[in-house]
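Using the sequences and the hints given, assemble the complete structure.
Protein chains in written order, with my numbering: chain A, 38 to 436; chain B, 38 to 436; chain C, 38 to 436; chain D, 38 to 436.
None of these hints come from the bench; they were simulated from the model.
Any copy, or any two copies together, can satisfy a pair, since identical chains are not distinguished.
Listed below are the simulated SDA-like cross-link pairs for lysine to any residue, each with C-alpha atoms no more than 25 Å apart in a straight line: (1) Lys378 - Glu394; (2) Lys379 - Glu394; (3) Lys406 - Phe57; (4) Lys379 - Gly322; (5) Lys74 - Ser285.
Protein chains: 4
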Amino acid sequence: MNNRKLIRDPVHGYLELNEFTVSLLDSPPVQRLRRIKQLGFSNLVYPGANHTRFEHSLGVMYLASLLAEKLDDEKMVDEIRAASLLHDVGHPPFSHVSEGLLKRFLGKKHEELTLAIKKTPVKDVLQAHGVRANKVIKHIVGESKVGVIHGDLDVDRMDYLVRDSYYTGVAYGLFDHLRLIKKMRFMGHEIVLEHEGIKAAESMLVSRFFMYPTVYFHHVSRIARKMYERAMKFCIVERDFDPYLLLSMDDSDVMVYLRHQEGFPGEIARMLDERRLYKRALYVGPERVDISWCQKQDPEKLEEEIAEMAGVDVDKVIVDIPPVERVRELEAKVITSEGVKKLENVSGIVNQLKAFEIENWKLGVYSPKEIVEVVGKASIKSFNVEKRKKQYRLDEVII
Amino acid sequence: MNNRKLIRDPVHGYLELNEFTVSLLDSPPVQRLRRIKQLGFSNLVYPGANHTRFEHSLGVMYLASLLAEKLDDEKMVDEIRAASLLHDVGHPPFSHVSEGLLKRFLGKKHEELTLAIKKTPVKDVLQAHGVRANKVIKHIVGESKVGVIHGDLDVDRMDYLVRDSYYTGVAYGLFDHLRLIKKMRFMGHEIVLEHEGIKAAESMLVSRFFMYPTVYFHHVSRIARKMYERAMKFCIVERDFDPYLLLSMDDSDVMVYLRHQEGFPGEIARMLDERRLYKRALYVGPERVDISWCQKQDPEKLEEEIAEMAGVDVDKVIVDIPPVERVRELEAKVITSEGVKKLENVSGIVNQLKAFEIENWKLGVYSPKEIVEVVGKASIKSFNVEKRKKQYRLDEVII
Amino acid sequence: MNNRKLIRDPVHGYLELNEFTVSLLDSPPVQRLRRIKQLGFSNLVYPGANHTRFEHSLGVMYLASLLAEKLDDEKMVDEIRAASLLHDVGHPPFSHVSEGLLKRFLGKKHEELTLAIKKTPVKDVLQAHGVRANKVIKHIVGESKVGVIHGDLDVDRMDYLVRDSYYTGVAYGLFDHLRLIKKMRFMGHEIVLEHEGIKAAESMLVSRFFMYPTVYFHHVSRIARKMYERAMKFCIVERDFDPYLLLSMDDSDVMVYLRHQEGFPGEIARMLDERRLYKRALYVGPERVDISWCQKQDPEKLEEEIAEMAGVDVDKVIVDIPPVERVRELEAKVITSEGVKKLENVSGIVNQLKAFEIENWKLGVYSPKEIVEVVGKASIKSFNVEKRKKQYRLDEVII
Amino acid sequence: MNNRKLIRDPVHGYLELNEFTVSLLDSPPVQRLRRIKQLGFSNLVYPGANHTRFEHSLGVMYLASLLAEKLDDEKMVDEIRAASLLHDVGHPPFSHVSEGLLKRFLGKKHEELTLAIKKTPVKDVLQAHGVRANKVIKHIVGESKVGVIHGDLDVDRMDYLVRDSYYTGVAYGLFDHLRLIKKMRFMGHEIVLEHEGIKAAESMLVSRFFMYPTVYFHHVSRIARKMYERAMKFCIVERDFDPYLLLSMDDSDVMVYLRHQEGFPGEIARMLDERRLYKRALYVGPERVDISWCQKQDPEKLEEEIAEMAGVDVDKVIVDIPPVERVRELEAKVITSEGVKKLENVSGIVNQLKAFEIENWKLGVYSPKEIVEVVGKASIKSFNVEKRKKQYRLDEVII
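Laid out in structure tokens, this is it:
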């Protein structure tokens, strides 16, 4: 039976699926991704940002196929296709939004992913096509030699940058992803970039540099996300909500659950629904606060400290210390006339962007509008905010 | 206080809001539109189609402003801006999806709209800016002389055609909407089209002609919609669900409600979630079935008749007889060298498309996969399906 | 040696060429196409329309490859690739602009094409790769069984519609060309369309319907083209210009040649350069003039008649009677449940557009601004213009 | 008389012209820009890059109007509109291509611009609308207080970046130009940027950073340009061609002139026509050659030296030492909480890009394919190419 399928994607055009990928797509864990927004609460800033993990996964599959077809290993191509469709099935509702929460209560690394993939019916589909679940998981978490789905220049990031650009309307995420893929190839199983692809790789990095502050770390979506996380934490701690449930719930389930809660979580749900958000009591970058000190703090303790100092309820104070992640692109391998080198060693701009990642970093303390001033004052003391020369050391800060 | 706001829209670029429109936007009934998908279940066919009534309303405001600024009547411009943002606040979850249902149980015309607009806080915002709610409602329902929001060539349709194209990735909805607006002007309060705008108006009509079968009436979204409506009807009739609630619920609320129902509605919710949909037992156009006879039937009676004939449960049979709507563009006024004429009288293609609307029409009978064959056979008898010459008369068919 | 090449095309993305197609591309007759505008003088209306036959040929090659790869005949795929790159090498400067002129003075059918392909160095490249020139020519002129380059639904038209849209900025030419190609396949060597591709085929036809009057037959580019043709004819007849030269000249050569002419041709060149164009003395459609009578007239005789009647120089009167071409798409084969049928028999809109092609037809008489009125009056007499019912018979009019 | 005009631009949509701008547009010096390609010989690399100075000038007018309307000075708005349409009328054929040549033989600064604007008929149009030519010229050359057309963040660059992206198909030039303009305003007559526009300004700078090596300084277009310049220089020196003529010639005139030359210039013309270009004998960046030493050399002397050393004709050696221009964006004024500051002082990435401009710099020596090796060896000696640490000082290098 010809089980081929053609799906229209506004970003990449027509996507073709074969019988194997159609079967995976039809499995409930992948269908669930239809109901999980790619950008969590970013639609409160960018009204068009309602796209889902489902279409992103399709896009990753498209790009992964373009790249993987250069491998002379049909088996591995199947693994990679499966990995592309499955790479987000372990995500909780609102995408990354409650990840911190999940990690905290679930603990084991990649457990949620393994749960989602190894349970039927996904496992059955994989088995029926002779694809081993463990291999697929390795591709997803970056433990495969072949960094197509998760690596220095992976198609996961390529798709989300161009896709998030498309749906937010922010041009910054666009870069020449097709040229980048055309100029990537495999040495053995390792991805290397031909020299003519350097500009495209640089432009991908620059895209991220712009998308982070403009979209991914826009203060309004950070605030909404943190409000939501706080409400969920409250339910887990005070109302015996089982965090394992998040792995099978979708955005609707969790939002409706919150709406029906009495007290604090219900109030937060109403505030999110009506876009009545906490405001910034403090919002400063590394030029005013010690970023490496911040990274070592426990936000909850600081919330208590600030709340006490300001004389307000601790529920009304949210401390947001975003992590600073290593820029993986730096490590990408490039073929030069003098042999294979790291991208950061052949590209001036890439080398500079190490520090820029940090310059986009912002510490936030958020509160209801009415108490923003007192909370702000307390925060300044707590964080010892001052006019300072940048004094962080890159290696102390980046995780 | 400068309360201006700039919102990024992927379709029209930057949208500017002033204090009045920001206040309306911030009202809960408009914020609720963020959580109601523009195209209901169409994302089961087009994975990108997750856009909402909220962004559509912003887009309508943008286009309405472009057009209304040609009026020399600042008061009316404010009314029209309000109408653009509010024109969908009476919509139930999943947009049009359950309208039929609503009409049936709520009855009074425009009641849902009036309820949403006349109750606080929208009413307060309107009053504070000296805009009368009744005037706004008239613009929305097409009882105003000025057909900007609802008329022969209205901006509501313009926005949804280009927006639905953008998010589905289907090029058909694109047409030269900017030229069309540039070539529209007011004679008194009536919109007329300059001669140079005819091609643009024709192309809008053609867009609709293609978008209807490809997107709006795609059988998969019709089936999903009908399954959902059937589940909701069940809850209203059998489980005392109050249909008035739909006016304040959003897509999440209603979907989660269904998921938690036992029996038939819960099963439908799971099927929708996992995209296990009814299939077409019968799917024919006017060349095989008497369309004017169909329009007069009660689908419920036919469902019972077919179920009985096929020996299956009536829950497993859905009869879908879409209405055939009058093509409003036909009536658009055009300035010609021989005076103002109707568009259908100056444009050959527009005139022809009267009949085409009907050619895109399809009667559907839908059932679970397992019983599609028996239901199909019964349906053929019930509808007296045969090879026939087209014998409908336009005026008998169009409502 | 790896002689692969990657070329960036704004319309289709990256185009890949292999050694064979690179060699063809590097031949002078194909490089000449870089200097021949696709749309002749249309840039006088649409300033962006400066694209060339060269990029169009690359685009045709891209689409042709997509389609031809479905053939299981590597030899023929090579022929078709060659045909795509070479299909326009017989074009004179300004593309179609002077075709009529050429046909008149050169006479033999396809002679210019044959000359350009069979002479070295193109011939050498073909031979070196074992591709027969005669086969290539047959693909181009539509005498091959395989209508990829020239047929009922050919990729030549697909490319120019989307490309001309891109560069003019007119949205009308966009249609779902990728879907159309995906839904085309070969029965033997004949192209047939799967049922799911009908809407895409219809939309291609509609694109043409809109592009013709808006772009291809815009009166300003018709006028400029006709002025240019008149000047060239003058040079051939009065100044012994050898029309064979046109086959190796480009837009620059011919324009500079005209600029350096004394008298009439030089004046026309200056008028074109400064966009001082003739105006419409008469411009009417089939509702006012007998189109089938028009098709049988000799424009030169009518020009003389009108000039005499108006008392003006015959150089100042241009009669433009565009041909009405058969809509080839009508004949496209479609697979239906009842066997293979013609597109016009399964699609209502396609069937209707037969007549629409004629409704877009306009007879024009053009003159310098100062004498437009007298020439107009004389033209009305000459053409017996009146208010008439449409009375043409399709089969009498279409060529 | 209503002399308004609507022009379709693929980049910005519909452009509106009033009577004044229509009159300017209709003047021969502006019409001539239709026949001068914006990117010279870049279409040899990017086949779509056939756009002209004419459409660019329209685009600049569109953006300039958006910005200038924030000035409360209708007189100056008219000046700026005129400046936008006229800012390129002094350009020779092939845009920037022969500028160096022109400067060398014409000498006086801005003389070509002044000649084109102050002579009739442009002057007449300006006078008729009460606009002073001198003021217009000042806007163009950057001597006006109001840097709309020529300044730190000017609309000239904005338009060409997005336009060149559109026609080359290279995504790099896209940035959020609309946001940038929305966030610019006037303090007195000086343009300042609101804080929320910093990202948009940064992204413009980054666009340039990518467009320079990818498009503007692509070696193939550099080579073609240099070949052309060499041929023209030959004609001026050896064949008494009057360089003043370039100011009224267009791309066609000059190319056809070269084609008809015997010997060297004619051969160069044929090579350009058939894309048989010189190759890179040497192509190195500042990491291998002393960039500040290079900037002080006379290329002609080096060409002679290298030719002699290699034992080849000096016509076969082209030395290309591109200038390094100051990044004007650095000086843009930004409103911050601590007063107005320079962009380079509030943006890390902008500050870094000072050096990047240099990293994109390449010294080239070009020769016919056959002698590339000997010329390369001689060049290495002449330029003392070695592996070196970067040792340039920014202030020594940038002009």
